[in-house]
Amino acid sequence: MSTLTLRIYLTVVAVLALFAFTSGWIFQRQIEEERSRAESVLSDRVAAWGELIQRSLPGTDAPTEEQAAALREWSQRLRLPLALDSGNGERIAASDTYLRRQADGAGRALPIRLEDGRTLWILRPGMRPPPGVDRREGRRSMMAAQHGALPFVPAAWQRGVGLVVVLVVLFVAVAIGAWPVVRHLTRRLQALKVGMETFGAGRLDHRVEVQGRDEVAAVARSFNDAAARIEALVRSHQSLLANASHELRSPLARMKMAVAMLADAAPAQREQLKREIDTNIGELDALVEEVLLASRLDALRDLEQRDRVDLLGLAAEEAARVDAALDAAQDGEPLIVAGDERLLRRALRNLLENAKRYGGDDVSVLARRSGAEVLLQVCDRGPGVPQPLRERIFEPFYRLPGHAETGGGVGLGLSLVKQIAERHGGRVRCEAREGGGSCFELALPRAA
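Just so you know, we're using numbering that gives the first Met the number 0 here: the sequence shown kicks off at 0 and counts up by one.
None of these hints come from the bench; they were simulated from the model. Be aware that a few hints might be false.
With a Cα cut of at most 20 Å, we get these calculated DMTMM-like pairs of lysine to aspartate or glutamate [as the list claims (entries may be wrong)]:
no.: 1; residue 1: LYS273; residue 2: ASP284
no.: 2; residue 1: LYS192; residue 2: GLU230
no.: 3; residue 1: LYS355; residue 2: GLU282
no.: 4; residue 1: LYS355; residue 2: GLU332
no.: 5; residue 1: LYS255; residue 2: GLU270
no.: 6; residue 1: LYS255; residue 2: GLU230
no.: 7; residue 1: LYS192; residue 2: GLU214
no.: 8; residue 1: LYS255; residue 2: ASP213
no.: 9; residue 1: LYS355; residue 2: GLU372
no.: 10; residue 1: LYS355; residue 2: ASP306
no.: 11; residue 1: LYS355; residue 2: GLU430
no.: 12; residue 1: LYS355; residue 2: GLU433
no.: 13; residue 1: LYS192; residue 2: ASP213
no.: 14; residue 1: LYS355; residue 2: ASP326
no.: 15; residue 1: LYS255; residue 2: ASP277
no.: 16; residue 1: LYS273; residue 2: ASP263
no.: 17; residue 1: LYS355; residue 2: ASP309
no.: 18; residue 1: LYS355; residue 2: GLU440
no.: 19; residue 1: LYS192; residue 2: GLU208
no.: 20; residue 1: LYS255; residue 2: GLU275
As the structure is a prediction and not an experimental result, all values here were calculated from the model.
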(Lines of atoms letter the chains of each structure in order from A and count residues from 1; the text may use other names and numbers.)
(Lines give C-alpha, C1' and ligand atoms only; values in the text may rest on other atoms or scores of the structure.)
Protein backbone atom coordinates (compact mmCIF):
# COMPACT_ATOMS: atom_id res chain seq x y z
CA MET A 1 0.00 0.00 0.00
CA SER A 2 1.40 3.38 -0.95
CA THR A 3 1.93 6.11 1.62
CA LEU A 4 -0.30 8.53 -0.27
CA THR A 5 -3.19 6.06 -0.27
CA LEU A 6 -2.91 5.59 3.47
CA ARG A 7 -2.62 9.29 4.15
CA ILE A 8 -5.67 10.19 2.07
CA TYR A 9 -7.71 7.37 3.59
CA LEU A 10 -6.71 8.27 7.17
CA THR A 11 -7.58 11.89 6.45
CA VAL A 12 -11.04 10.88 5.24
CA VAL A 13 -11.56 8.64 8.28
CA ALA A 14 -10.33 11.34 10.67
CA VAL A 15 -12.71 13.91 9.18
CA LEU A 16 -15.52 11.38 9.40
CA ALA A 17 -14.71 10.63 13.04
CA LEU A 18 -14.67 14.34 13.85
CA PHE A 19 -18.01 14.76 12.11
CA ALA A 20 -19.51 11.82 14.01
CA PHE A 21 -18.17 13.10 17.35
CA THR A 22 -19.47 16.61 16.73
CA SER A 23 -22.85 15.32 15.57
CA GLY A 24 -23.11 13.06 18.60
CA TRP A 25 -22.20 15.90 20.96
CA ILE A 26 -24.81 18.20 19.42
CA PHE A 27 -27.41 15.43 19.46
CA GLN A 28 -26.62 14.63 23.09
CA ARG A 29 -26.98 18.29 24.01
CA GLN A 30 -30.39 18.37 22.39
CA ILE A 31 -31.41 15.24 24.28
CA GLU A 32 -30.26 16.76 27.56
CA GLU A 33 -32.23 19.91 26.85
CA GLU A 34 -35.33 17.89 26.02
CA ARG A 35 -34.80 15.87 29.18
CA SER A 36 -34.53 19.06 31.24
CA ARG A 37 -37.71 20.37 29.70
CA ALA A 38 -39.42 17.02 30.40
CA GLU A 39 -38.22 17.11 34.01
CA SER A 40 -39.56 20.63 34.36
CA VAL A 41 -42.92 19.59 32.92
CA LEU A 42 -42.96 16.55 35.19
CA SER A 43 -42.17 18.65 38.25
CA ASP A 44 -44.99 21.06 37.41
CA ARG A 45 -47.41 18.16 36.96
CA VAL A 46 -46.30 16.46 40.16
CA ALA A 47 -46.78 19.72 42.04
CA ALA A 48 -50.25 20.13 40.54
CA TRP A 49 -51.16 16.53 41.37
CA GLY A 50 -49.87 16.98 44.92
CA GLU A 51 -51.96 20.10 45.44
CA LEU A 52 -55.04 18.42 43.97
CA ILE A 53 -54.64 15.25 46.06
CA GLN A 54 -53.91 17.24 49.25
CA ARG A 55 -57.19 19.12 48.90
CA SER A 56 -59.10 15.87 48.35
CA LEU A 57 -57.52 13.68 51.03
CA PRO A 58 -59.12 13.42 54.46
CA GLY A 59 -57.31 15.27 57.24
CA THR A 60 -54.73 13.78 59.57
CA ASP A 61 -57.38 13.18 62.21
CA ALA A 62 -59.37 10.93 59.84
CA PRO A 63 -59.15 7.14 60.31
CA THR A 64 -56.30 5.40 58.49
CA GLU A 65 -58.74 3.27 56.44
CA GLU A 66 -60.47 6.42 55.15
CA GLN A 67 -57.15 8.00 54.15
CA ALA A 68 -56.07 4.76 52.41
CA ALA A 69 -59.36 4.47 50.51
CA ALA A 70 -59.09 8.07 49.27
CA LEU A 71 -55.48 7.50 48.20
CA ARG A 72 -56.36 4.36 46.19
CA GLU A 73 -59.28 6.16 44.56
CA TRP A 74 -57.02 9.00 43.35
CA SER A 75 -54.43 6.46 42.22
CA GLN A 76 -57.06 4.84 39.97
CA ARG A 77 -58.34 8.19 38.68
CA LEU A 78 -54.89 9.55 37.80
CA ARG A 79 -53.44 6.14 36.94
CA LEU A 80 -50.49 6.90 39.15
CA PRO A 81 -48.72 4.68 41.70
CA LEU A 82 -49.27 6.60 45.00
CA ALA A 83 -48.23 6.17 48.62
CA LEU A 84 -48.87 8.25 51.75
CA ASP A 85 -46.72 8.59 54.89
CA SER A 86 -47.65 10.20 58.17
CA GLY A 87 -45.79 13.16 59.65
CA ASN A 88 -43.48 10.87 61.62
CA GLY A 89 -42.64 8.84 58.49
CA GLU A 90 -44.92 5.85 58.99
CA ARG A 91 -46.60 4.42 55.91
CA ILE A 92 -50.34 5.09 56.00
CA ALA A 93 -51.34 3.56 52.67
CA ALA A 94 -50.00 2.66 49.20
CA SER A 95 -51.75 1.74 45.97
CA ASP A 96 -51.37 -1.72 44.49
CA THR A 97 -49.43 -0.40 41.49
CA TYR A 98 -47.03 1.39 43.81
CA LEU A 99 -46.36 -1.70 45.86
CA ARG A 100 -45.93 -3.89 42.79
CA ARG A 101 -43.55 -1.53 41.02
CA GLN A 102 -41.65 -0.84 44.19
CA ALA A 103 -41.15 -4.58 44.60
CA ASP A 104 -39.96 -4.86 40.99
CA GLY A 105 -37.60 -1.89 41.35
CA ALA A 106 -39.22 -0.04 38.44
CA GLY A 107 -39.49 3.72 38.46
CA ARG A 108 -38.36 6.38 40.91
CA ALA A 109 -40.46 7.66 43.85
CA LEU A 110 -40.95 11.44 44.00
CA PRO A 111 -41.90 12.87 47.44
CA ILE A 112 -44.36 15.76 47.88
CA ARG A 113 -44.46 17.36 51.33
CA LEU A 114 -48.06 18.22 52.25
CA GLU A 115 -49.00 21.24 54.39
CA ASP A 116 -50.31 19.04 57.22
CA GLY A 117 -46.93 17.29 57.59
CA ARG A 118 -47.77 14.14 55.64
CA THR A 119 -45.66 13.01 52.63
CA LEU A 120 -47.23 11.95 49.34
CA TRP A 121 -45.12 9.62 47.16
CA ILE A 122 -45.59 9.37 43.37
CA LEU A 123 -43.73 6.58 41.62
CA ARG A 124 -42.44 7.93 38.31
CA PRO A 125 -42.43 5.29 35.55
CA GLY A 126 -39.48 4.95 33.14
CA MET A 127 -39.37 4.18 29.41
CA ARG A 128 -38.21 0.63 30.01
CA PRO A 129 -37.59 -1.25 33.21
CA PRO A 130 -33.98 -1.96 34.14
CA PRO A 131 -32.50 -5.43 33.54
CA GLY A 132 -34.26 -8.11 35.51
CA VAL A 133 -37.58 -6.24 35.68
CA ASP A 134 -40.73 -7.48 33.98
CA ARG A 135 -41.12 -5.76 30.58
CA ARG A 136 -44.93 -5.80 30.95
CA GLU A 137 -44.64 -3.21 33.69
CA GLY A 138 -42.53 -1.09 31.36
CA ARG A 139 -45.17 -1.33 28.67
CA ARG A 140 -47.87 -0.35 31.14
CA SER A 141 -45.79 2.67 32.14
CA MET A 142 -45.47 3.67 28.50
CA MET A 143 -49.23 3.32 28.05
CA ALA A 144 -49.78 5.44 31.13
CA ALA A 145 -47.54 8.11 29.69
CA GLN A 146 -49.39 7.98 26.40
CA HIS A 147 -52.70 8.51 28.22
CA GLY A 148 -51.36 11.74 29.69
CA ALA A 149 -50.59 10.55 33.18
CA LEU A 150 -46.84 11.26 32.82
CA PRO A 151 -44.66 12.64 30.06
CA PHE A 152 -42.90 9.93 28.09
CA VAL A 153 -39.15 10.32 28.74
CA PRO A 154 -36.71 7.66 27.38
CA ALA A 155 -34.23 6.15 29.78
CA ALA A 156 -30.76 7.74 29.71
CA TRP A 157 -28.93 4.47 29.12
CA GLN A 158 -31.18 3.67 26.14
CA ARG A 159 -30.64 7.09 24.57
CA GLY A 160 -26.85 6.73 24.88
CA VAL A 161 -26.73 3.21 23.44
CA GLY A 162 -28.96 4.14 20.50
CA LEU A 163 -26.83 7.16 19.65
CA VAL A 164 -23.60 5.17 19.83
CA VAL A 165 -25.02 2.43 17.61
CA VAL A 166 -26.16 4.91 14.97
CA LEU A 167 -22.81 6.73 14.92
CA VAL A 168 -20.81 3.49 14.80
CA VAL A 169 -22.88 2.14 11.90
CA LEU A 170 -22.54 5.46 10.04
CA PHE A 171 -18.79 5.58 10.65
CA VAL A 172 -18.20 2.00 9.48
CA ALA A 173 -20.39 2.44 6.38
CA VAL A 174 -18.68 5.63 5.23
CA ALA A 175 -15.20 4.30 6.06
CA ILE A 176 -15.81 1.20 3.96
CA GLY A 177 -17.30 3.24 1.12
CA ALA A 178 -14.40 5.74 1.13
CA TRP A 179 -11.75 3.07 0.57
CA PRO A 180 -12.59 2.25 -3.10
CA VAL A 181 -12.75 5.96 -3.96
CA VAL A 182 -9.39 6.72 -2.38
CA ARG A 183 -7.84 3.61 -3.90
CA HIS A 184 -9.11 4.52 -7.38
CA LEU A 185 -7.57 7.98 -7.11
CA THR A 186 -4.19 6.77 -5.86
CA ARG A 187 -4.10 3.94 -8.41
CA ARG A 188 -4.22 6.54 -11.18
CA LEU A 189 -1.44 8.49 -9.46
CA GLN A 190 0.57 5.29 -9.20
CA ALA A 191 0.07 4.65 -12.92
CA LEU A 192 1.23 8.20 -13.64
CA LYS A 193 4.34 7.63 -11.51
CA VAL A 194 5.12 4.38 -13.35
CA GLY A 195 4.64 6.14 -16.69
CA MET A 196 7.08 8.90 -15.71
CA GLU A 197 9.65 6.35 -14.59
CA THR A 198 9.25 4.44 -17.87
CA PHE A 199 9.70 7.65 -19.85
CA GLY A 200 12.71 8.60 -17.75
CA ALA A 201 14.25 5.19 -18.39
CA GLY A 202 14.55 6.05 -22.09
CA ARG A 203 11.25 5.00 -23.68
CA LEU A 204 10.51 8.39 -25.19
CA ASP A 205 7.42 7.13 -27.03
CA HIS A 206 5.70 6.04 -23.80
CA ARG A 207 2.53 7.91 -22.78
CA VAL A 208 0.22 7.52 -19.80
CA GLU A 209 -3.50 6.81 -20.04
CA VAL A 210 -5.78 9.79 -19.44
CA GLN A 211 -8.93 8.94 -17.47
CA GLY A 212 -11.66 11.40 -16.50
CA ARG A 213 -11.58 15.18 -16.43
CA ASP A 214 -10.28 15.92 -12.96
CA GLU A 215 -6.91 17.26 -11.76
CA VAL A 216 -5.19 13.88 -12.09
CA ALA A 217 -6.31 13.65 -15.73
CA ALA A 218 -5.03 17.20 -16.31
CA VAL A 219 -1.64 16.20 -14.90
CA ALA A 220 -1.60 13.13 -17.17
CA ARG A 221 -2.40 15.26 -20.23
CA SER A 222 0.29 17.76 -19.29
CA PHE A 223 2.79 14.94 -18.92
CA ASN A 224 1.89 13.54 -22.33
CA ASP A 225 2.24 16.98 -23.94
CA ALA A 226 5.59 17.55 -22.26
CA ALA A 227 6.75 14.04 -23.19
CA ALA A 228 5.82 14.67 -26.83
CA ARG A 229 7.79 17.91 -26.89
CA ILE A 230 10.79 16.31 -25.20
CA GLU A 231 10.68 13.37 -27.61
CA ALA A 232 10.54 15.72 -30.61
CA LEU A 233 13.43 17.75 -29.22
CA VAL A 234 15.56 14.67 -28.50
CA ARG A 235 14.78 13.15 -31.90
CA SER A 236 15.66 16.44 -33.54
CA HIS A 237 18.96 16.61 -31.70
CA GLN A 238 19.72 13.01 -32.57
CA SER A 239 18.97 13.67 -36.22
CA LEU A 240 21.00 16.88 -36.11
CA LEU A 241 23.97 15.10 -34.59
CA ALA A 242 23.78 12.20 -37.03
CA ASN A 243 23.50 14.47 -40.08
CA ALA A 244 26.17 16.84 -38.80
CA SER A 245 28.52 13.91 -38.28
CA HIS A 246 27.84 12.78 -41.82
CA GLU A 247 28.39 16.26 -43.27
CA LEU A 248 31.64 16.69 -41.35
CA ARG A 249 33.18 13.67 -43.01
CA SER A 250 33.42 15.19 -46.50
CA PRO A 251 35.45 18.32 -45.65
CA LEU A 252 37.54 16.38 -43.14
CA ALA A 253 38.33 13.72 -45.77
CA ARG A 254 39.28 16.41 -48.29
CA MET A 255 41.45 18.15 -45.73
CA LYS A 256 43.13 14.89 -44.77
CA MET A 257 43.92 14.16 -48.43
CA ALA A 258 45.22 17.70 -49.04
CA VAL A 259 47.44 17.59 -45.97
CA ALA A 260 48.83 14.20 -47.05
CA MET A 261 49.63 15.55 -50.52
CA LEU A 262 51.05 18.83 -49.28
CA ALA A 263 54.51 17.54 -48.38
CA ASP A 264 55.25 16.04 -51.82
CA ALA A 265 53.44 18.64 -53.92
CA ALA A 266 55.11 21.10 -56.25
CA PRO A 267 55.07 24.79 -55.29
CA ALA A 268 52.20 25.62 -57.68
CA GLN A 269 50.18 22.61 -56.52
CA ARG A 270 50.97 23.43 -52.90
CA GLU A 271 49.25 26.79 -53.18
CA GLN A 272 46.19 25.09 -54.62
CA LEU A 273 46.16 22.56 -51.80
CA LYS A 274 46.38 25.35 -49.24
CA ARG A 275 43.41 27.07 -50.81
CA GLU A 276 41.55 23.75 -50.68
CA ILE A 277 42.39 23.40 -47.00
CA ASP A 278 41.21 26.95 -46.29
CA THR A 279 37.98 26.29 -48.16
CA ASN A 280 37.35 23.11 -46.16
CA ILE A 281 38.13 24.90 -42.90
CA GLY A 282 35.62 27.62 -43.80
CA GLU A 283 33.04 24.96 -44.63
CA LEU A 284 33.66 23.21 -41.32
CA ASP A 285 33.42 26.50 -39.44
CA ALA A 286 30.13 27.38 -41.15
CA LEU A 287 28.74 23.89 -40.47
CA VAL A 288 29.65 24.00 -36.78
CA GLU A 289 28.15 27.47 -36.45
CA GLU A 290 24.89 26.42 -38.08
CA VAL A 291 24.67 23.23 -35.99
CA LEU A 292 25.19 25.21 -32.78
CA LEU A 293 22.59 27.80 -33.80
CA ALA A 294 20.08 25.11 -34.75
CA SER A 295 20.63 23.36 -31.43
CA ARG A 296 20.17 26.61 -29.52
CA LEU A 297 16.99 27.46 -31.39
CA ASP A 298 15.58 23.98 -30.70
CA ALA A 299 16.00 24.52 -26.96
CA LEU A 300 14.76 28.14 -27.10
CA ARG A 301 11.07 28.45 -26.18
CA ASP A 302 11.04 32.25 -26.38
CA LEU A 303 13.43 35.01 -27.37
CA GLU A 304 15.77 36.24 -24.67
CA GLN A 305 15.25 39.83 -25.79
CA ARG A 306 12.99 41.67 -28.23
CA ASP A 307 14.10 44.95 -29.76
CA ARG A 308 12.44 47.17 -32.32
CA VAL A 309 14.04 46.18 -35.62
CA ASP A 310 13.60 48.11 -38.90
CA LEU A 311 13.17 45.21 -41.30
CA LEU A 312 13.30 47.52 -44.33
CA GLY A 313 16.71 48.89 -43.33
CA LEU A 314 17.91 45.38 -42.61
CA ALA A 315 16.75 44.18 -46.04
CA ALA A 316 18.47 47.12 -47.73
CA GLU A 317 21.82 46.28 -46.08
CA GLU A 318 21.69 42.58 -46.89
CA ALA A 319 20.44 43.11 -50.43
CA ALA A 320 23.32 45.52 -51.11
CA ARG A 321 25.79 42.97 -49.76
CA VAL A 322 24.83 40.37 -52.41
CA ASP A 323 23.93 42.92 -55.09
CA ALA A 324 20.21 42.09 -55.08
CA ALA A 325 17.41 44.44 -56.15
CA LEU A 326 15.22 45.87 -53.37
CA ASP A 327 11.60 46.90 -53.87
CA ALA A 328 9.97 48.74 -50.97
CA ALA A 329 6.22 48.89 -51.56
CA GLN A 330 5.68 51.52 -48.85
CA ASP A 331 8.02 54.11 -50.39
CA GLY A 332 10.64 53.87 -47.70
CA GLU A 333 8.25 53.72 -44.73
CA PRO A 334 9.93 51.82 -41.83
CA LEU A 335 8.71 48.27 -41.33
CA ILE A 336 9.19 47.69 -37.59
CA VAL A 337 9.08 44.24 -35.98
CA ALA A 338 9.90 43.14 -32.42
CA GLY A 339 12.68 40.59 -32.24
CA ASP A 340 16.36 39.76 -32.23
CA GLU A 341 18.16 41.74 -34.92
CA ARG A 342 21.03 39.25 -35.17
CA LEU A 343 18.69 36.30 -35.76
CA LEU A 344 16.56 38.23 -38.25
CA ARG A 345 19.66 39.27 -40.17
CA ARG A 346 20.80 35.64 -40.22
CA ALA A 347 17.43 34.48 -41.61
CA LEU A 348 17.43 37.10 -44.39
CA ARG A 349 21.07 36.40 -45.21
CA ASN A 350 20.37 32.66 -45.50
CA LEU A 351 17.51 33.34 -47.93
CA LEU A 352 19.65 35.66 -50.04
CA GLU A 353 22.62 33.29 -50.12
CA ASN A 354 20.33 30.39 -51.00
CA ALA A 355 18.77 32.44 -53.84
CA LYS A 356 22.21 33.54 -55.02
CA ARG A 357 23.50 29.98 -54.99
CA TYR A 358 20.66 28.55 -57.09
CA GLY A 359 19.32 31.59 -58.93
CA GLY A 360 22.42 33.36 -60.14
CA ASP A 361 22.41 37.15 -60.37
CA ASP A 362 18.68 37.68 -60.84
CA VAL A 363 17.75 38.02 -57.15
CA SER A 364 15.23 40.54 -55.83
CA VAL A 365 13.89 41.45 -52.41
CA LEU A 366 10.36 42.82 -51.85
CA ALA A 367 9.50 44.40 -48.49
CA ARG A 368 5.91 45.42 -47.74
CA ARG A 369 3.27 45.58 -45.06
CA SER A 370 0.22 43.30 -45.12
CA GLY A 371 -2.29 43.99 -42.36
CA ALA A 372 -0.65 43.23 -39.03
CA GLU A 373 2.35 41.56 -40.68
CA VAL A 374 5.54 42.57 -42.41
CA LEU A 375 6.39 40.50 -45.49
CA LEU A 376 9.82 39.94 -46.99
CA GLN A 377 10.01 38.11 -50.29
CA VAL A 378 13.31 36.84 -51.68
CA CYS A 379 12.89 35.74 -55.32
CA ASP A 380 15.28 34.09 -57.76
CA ARG A 381 15.30 32.65 -61.28
CA GLY A 382 16.67 29.26 -60.33
CA PRO A 383 15.31 25.83 -61.25
CA GLY A 384 12.48 26.19 -58.74
CA VAL A 385 11.16 23.75 -56.15
CA PRO A 386 8.60 21.06 -57.05
CA GLN A 387 5.26 21.41 -55.31
CA PRO A 388 5.54 18.19 -53.21
CA LEU A 389 8.94 19.26 -51.84
CA ARG A 390 8.15 22.83 -50.79
CA GLU A 391 7.64 21.78 -47.18
CA ARG A 392 10.49 19.28 -47.00
CA ILE A 393 13.16 21.80 -48.01
CA PHE A 394 12.75 23.38 -44.54
CA GLU A 395 13.74 20.14 -42.81
CA PRO A 396 17.28 19.98 -41.38
CA PHE A 397 19.91 18.66 -43.80
CA TYR A 398 17.41 18.12 -46.60
CA ARG A 399 18.56 19.13 -50.09
CA LEU A 400 16.82 18.72 -53.39
CA PRO A 401 17.96 15.72 -55.45
CA GLY A 402 21.07 16.60 -57.47
CA HIS A 403 21.72 19.85 -55.61
CA ALA A 404 24.04 18.38 -52.98
CA GLU A 405 26.80 17.89 -55.54
CA THR A 406 26.36 21.15 -57.46
CA GLY A 407 24.86 23.69 -55.08
CA GLY A 408 27.03 23.19 -52.01
CA GLY A 409 25.82 23.86 -48.50
CA VAL A 410 24.78 21.33 -45.86
CA GLY A 411 21.00 21.78 -45.84
CA LEU A 412 20.64 23.77 -42.62
CA GLY A 413 20.07 27.27 -44.06
CA LEU A 414 16.34 27.05 -44.72
CA SER A 415 15.78 25.04 -41.54
CA LEU A 416 17.33 27.89 -39.54
CA VAL A 417 15.11 30.40 -41.37
CA LYS A 418 12.02 28.45 -40.34
CA GLN A 419 13.14 28.18 -36.71
CA ILE A 420 13.94 31.90 -36.50
CA ALA A 421 10.56 32.80 -38.03
CA GLU A 422 8.69 30.57 -35.57
CA ARG A 423 10.57 31.98 -32.56
CA HIS A 424 9.39 35.43 -33.67
CA GLY A 425 5.80 34.28 -34.05
CA GLY A 426 6.00 34.27 -37.83
CA ARG A 427 6.25 31.81 -40.71
CA VAL A 428 8.12 31.13 -43.93
CA ARG A 429 6.94 29.46 -47.13
CA CYS A 430 8.13 28.74 -50.65
CA GLU A 431 6.11 29.61 -53.77
CA ALA A 432 6.72 29.38 -57.48
CA ARG A 433 7.77 32.64 -59.16
CA GLU A 434 5.97 33.73 -62.28
CA GLY A 435 8.26 33.22 -65.24
CA GLY A 436 10.37 30.60 -63.45
CA GLY A 437 12.25 30.34 -60.20
CA SER A 438 11.12 30.51 -56.57
CA CYS A 439 9.99 33.08 -54.05
CA PHE A 440 10.60 32.59 -50.31
CA GLU A 441 8.22 34.67 -48.20
CA LEU A 442 9.09 35.53 -44.60
CA ALA A 443 6.09 36.87 -42.61
CA LEU A 444 6.61 38.47 -39.17
CA PRO A 445 4.19 40.24 -36.79
CA ARG A 446 4.43 44.03 -37.08
CA ALA A 447 5.36 45.85 -33.87
CA ALA A 448 2.81 48.25 -32.42
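For the pair we were handed, LYS355 and ASP306, check the Cα-Cα distance against 20 Å.
It is violated: about 29 Å lies between the C-alpha atoms, which goes past 20 Å.
Does ASP277 lie within 20 Å of LYS255 when you go C-alpha to C-alpha?
holds (12 Å)
What's the verdict on LYS192 and GLU230, does the C-alpha distance respect the 20 Å limit or exceed it?
holds (18 Å)
Would the pair LYS355 and GLU282 pass a check requiring their Cα atoms to be no farther apart than 20 Å?
OK: LYS355 and GLU282 at ~17 Å, within 20 Å.
Sort out whether GLU332 lies within 20 Å of LYS355, counting only the CA atoms.
violated (27 Å)
Check whether the Cα positions of LYS255 and GLU270 lie no farther apart than 20 Å.
Holds, at roughly 16 Å.
Going straight from one Cα to the other, do LYS255 and ASP213 come out at no more than 20 Å?
violated (62 Å)
With a cut-off of 20 Å on the C-alpha distance, tell me whether LYS255 and GLU230 pass.
violated (37 Å)
Proposed proximity, ASP213 with LYS192 (alpha carbon, max 20 Å):
holds (17 Å)
What's the verdict on LYS355 and GLU372, does the C-alpha distance respect the 20 Å limit or exceed it?
Since the Cα atoms of LYS355 and GLU372 sit roughly 26 Å apart, the hinted pair is violated (cutoff 20 Å).
Hinted pair LYS355 and ASP326, Cα distance within 20 Å
holds (17 Å)
Between LYS355 and GLU430, does the CA-CA distance stay at or below 20 Å?
holds (17 Å)
Consistency with the previously given hints fails for numbers 4, 6, 8, 9, 10 and 17, ordered from lowest to highest.
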